[in-house]
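K.L.:
Now for the letters of each chain:
2 protein chains.
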Amino acid sequence: MYKLIKQEGNARRAEFHTNRGVVQTPAFMNVATQGAIKGAVSAEDLKALNCQVMLSNTYHLHVRPGDELIKDCGGLHKFSTWEGPILTDSGGFQVFSLSSLRKISEEGVTFQSHVDGKKIFMGPEESMQIQSNLGSTIAMAFDECVENPAEHSYSKASCERTTRWLKRCKDEMARLNSLETTINREQKLFGINQGCTYKDLRIEHMKQIAELQLDGYAIGGLAVGEPTEIMYDIIENVTPYMPKDKIRYLMGVGTPANILNAVERGVDLFDCVMPSRNARHGHLFTSQGIININNKKYDHDMTPIDPECGCPVCKRYSKAYIRHLLKAEEMLAGRLLVMHNLWFYNNLMTDIRNALDEGRFHEFKKEKEIIYSTRI
Amino acid sequence: MYKLIKQEGNARRAEFHTNRGVVQTPAFMNVATQGAIKGAVSAEDLKALNCQVMLSNTYHLHVRPGDELIKDCGGLHKFSTWEGPILTDSGGFQVFSLSSLRKISEEGVTFQSHVDGKKIFMGPEESMQIQSNLGSTIAMAFDECVENPAEHSYSKASCERTTRWLKRCKDEMARLNSLETTINREQKLFGINQGCTYKDLRIEHMKQIAELQLDGYAIGGLAVGEPTEIMYDIIENVTPYMPKDKIRYLMGVGTPANILNAVERGVDLFDCVMPSRNARHGHLFTSQGIININNKKYDHDMTPIDPECGCPVCKRYSKAYIRHLLKAEEMLAGRLLVMHNLWFYNNLMTDIRNALDEGRFHEFKKEKEIIYSTRI
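Going down the list, the protein sequences come from chains A and B. In short: position in the first sequence from 1, add 1065, done, that's the numbering used here. In short: position in the second sequence from 1, add 1065, done, that's the numbering used here.
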C-alpha cells in the first residue's frame, strides 16, 4: 500500500507498506545480487547503514545456489538473515545482458548459465516461480530488456510481448500466492515499463500496464548508455501515465544527481551498483564532492573520508589508513569503502525525505546536484 | 611485567602487564600483517572476537605504507585504530622467507622488496628504528632465521651472530626509548631463541640471551617443516633455561593441539596465520572437530558452523548460507569464516586459562587435543 504524505511539484514523500515493514520513500535499495552485499558487508551492517530494502537477483540465485534450495532453507530472508523488505528482480535484465547465447520466443527465453553453461529456460511463469521460492517481499515482472539503440518496430513488438508476459506474471503470482506451501503469500508484483527511447512506445506501454492494477510500477531499460537528458525526458513523459496511488521505481539508477532529478520528476524508489562498485575502486561520495582515495595527497591524511559524515567508517577510520589498505589489497579496504558509499546513498535519501517534509526539496536539489557530481 | 598466577606442572597461568593493558596468558595474538586482519575483519571486530593482542609485520609495514608515514600519522595504534597491545615482529623472518635475493653480513641483511624490487638494508638498528616508528607495545629482536635443515656449524655461527645482533637491538631500543620524539617510550623488547633443531645450540643460545634481562623471550625457527615431536622436544629442552619470571612466546605456532602441548610445556604466547588462512579455504575449527564447509552435505544445512559456539557468526548465520557465499566468491564468506576461526582460537585460550585457574588443565588438554585435530 502506497500512502502519499506530501508533494512538492512532482516530487513525492510517501510510505510504502509491506508485510516486512514500512519503507519511507523516496528510498534507495541496496544491491545484494547473490544474497550478499559486495565488500563483505553483512545484513547487520546494512541495518547500521540505515538501509531499508535489500535487492537480490532472481537469475543469479536461480543459477547458484538454486531457488529451490533457498525455499528448502525457509526463503531468502531466513537464508540471508536480512529481515526487512527484499525486492527481487525478474531475471529479465540478466538473461539479456549476461547470456551471449539466447533464443527468445512467445513462451520465454532459452539461454546459457554464465556459471556452468547449462541451458536454462525462463518465461514469466518460471520467473514468478523462482521469486516465489525465494519468498521476496516484492517480485518484478519478467520483461524483455531491448538493447539500445533498437528499431522502433522491434521495440513496439517487444513492448507488446512484455505486456502479454506481464499478464501471465500476474496470473501466475495469483496462483502461487494462493498455495499453502508458498513462503510469502502476500508477495507483491511490480510491472516494468519498456519502450527504449521512443516516447510514443513508452507512453502506450505505460497506459497498457497501468490498467493491470499492480502493486507498483517500474521504469526499466534506462541508464543503459543513453544521454542523461533523454533519460530525464522519458521519465517526465511517462510519469503522468503512471498511477498516482502506486509506488514508482526507476531501475538501476544512478548517480546522486540522477536520483535528485528523478525524485523531482516523481520517482520513489531506486537501486544501483554504483555506490559499491565505485567504492571498490576508491571513488567516494562526500558532502563536498567525489574524492579518489588512491590520490597520493591522502597518504598522510588522518582525517575521515568526510568529516561531516556520520557513517561507522568516518567515525573511526582515516583516509591514510584506508588508502594504505587499498594499496596493500587488504579486503578490509573494500568493506570500509563500500560501507561509506552505501551510507552516503541511504543518507542522501534521508536528506531528500527531510527536505520534502520541510517543503524545501527544490532548493536542496539545486544546491546538492552540482556538489555531489563534482570531483574534488 | 610478568605475574605468575598459578602453575599446573609446567603450564603457567599468568598476566603480562603492558602500557596498553594487561594480557591474560596463555594468549593467542591475532595476525594483522599489514595492519589489518585478513578477511575484512576490523579492529572493532577483533574486540568482539575477544582478541587481546594484535600482531603486525615490521617488514611489510616498512615496505608499504612505510614506517615513517605511520609515525607521522601517530603510530600504528592510531593508524589502525586498534587500542590494545600490538606486537611487531622484527622483519627477520620475512627478510629470509620472502626475499629471494639477499646478502647477509655482520652489519645486517641487504635484500629486495617483494613489492617493487627496491634494494633494502635491514640490521638490528634499522629493525628497532622501524618498530619504534610504528610505536608497537612489544618489539621483537632482529634475528637470522636459518632454513631447515641447516649444518650444525652454520647454525652455531648464526646463533652467535643473532646474540650479537640482540645486544645491538637492546642498545638501540634503549637509545630510541630515551628520545622525546619516540611514540612509545616504554616499548618492550623480546629476544628470540634460535639454533635449528640442534638441542645443544638451542640451549647454549637460550642461556646467552637469558642473561640480557629482556622483557620476554621467544622461541623462533620452529613449525617450519620439522616433525611436531621434534618441535615439542626442543620446547621441553629450552624452557628450563628460559627465565621463570618472563613471558615465553612460541612464534608462528600453530594448531590447537600444538598450542595445548606448548602450554603444557610452559609457553604463554602464540601467533599463527592458520585460523585465518584455513578459514578462507572453508576449513573451520569447531567443538566437535574440523569441518570443511565446501562439503556438499552442508548445502541445505541451516544450523550454525558450531551450535556450541558463541561467536557472532554462529549466533546468526547458517552453514548453508556461508557455503553459498563461499561458492559464489562473495567477500562476506571470507569475513564470516575468518571471524569464526579467530573466535575459536581466542576462545580456546580462554578455556585453557579457565582450566588452569581450576587446576584441570591436563585433563582438558588430554580431552581436547584429539577432538580439535579430528576432521569430521
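Worth flagging that the hints you see were computed from the coordinates, not collected in a lab. A few of these clues could be false.
Result set (EDC-like, lysine to aspartate or glutamate): computed pairs, CA atoms no more than 16 Å apart in a straight line [said to hold, decoys possible]:
#, chain 1, residue 1, chain 2, residue 2
1, B, 1392, A, 1236
2, B, 1136, A, 1366
3, A, 1392, B, 1432
4, B, 1136, A, 1364
5, A, 1136, B, 1366
6, A, 1143, B, 1181
Quick list of simulated restraints, FRET-style, between CB atoms [what the hints assert, rightly or not]:
#, chain 1, residue 1, chain 2, residue 2, range
7, B, 1182, A, 1129, 48 to 54 Å
8, B, 1415, A, 1310, 23 to 29 Å
9, A, 1129, B, 1219, 51 to 57 Å
10, B, 1424, A, 1109, 49 to 55 Å
11, A, 1183, B, 1137, 26 to 32 Å
12, B, 1424, A, 1352, 44 to 50 Å
13, A, 1435, B, 1080, 54 to 60 Å
14, B, 1087, A, 1113, 45 to 51 Å
15, A, 1435, B, 1372, 52 to 58 Å
These numbers were taken from a predicted model, which means no experiment stands behind them. Even for Gly, the Cβ is constructed at its ideal location relative to N, Cα and C.
K.L.:
Each hint should be assessed against the structure and marked as holding or not.
P.N.:
Outcome of the hint check:
1. 1392(B) with 1236(A): Given pair residue 1392(B), residue 1236(A) is violated - Cα atoms ~35 Å apart, limit 16 Å.
2. 1136(B) with 1366(A): holds (12 Å)
3. 1392(A) with 1432(B): Violated: residue 1392(A) and residue 1432(B) sit about 45 Å apart, past 16 Å.
4. 1136(B) with 1364(A): holds (12 Å)
5. 1136(A) with 1366(B): holds (12 Å)
6. 1143(A) with 1181(B): Roughly 47 Å between the alpha carbons, so the hint for residue 1143(A) and residue 1181(B) is violated.
7. 1182(B) with 1129(A): 48 to 54 Å: violated (40 Å)
8. 1415(B) with 1310(A): 23 to 29 Å: violated (58 Å)
9. 1129(A) with 1219(B): 51 to 57 Å: Holds, at about 53 Å.
10. 1424(B) with 1109(A): 49 to 55 Å: Hint violated: Cβ distance 39 Å, outside 49 to 55 Å.
11. 1183(A) with 1137(B): 26 to 32 Å: violated (55 Å)
12. 1424(B) with 1352(A): 44 to 50 Å: Given about 59 Å between the Cβ atoms, the range is violated.
13. 1435(A) with 1080(B): 54 to 60 Å: Holds: the Cβ-Cβ distance is about 59 Å, inside 54 to 60 Å.
14. 1087(B) with 1113(A): 45 to 51 Å: Distance hint for residue 1087(B), residue 1113(A) is violated at roughly 31 Å.
15. 1435(A) with 1372(B): 52 to 58 Å: holds (55 Å)
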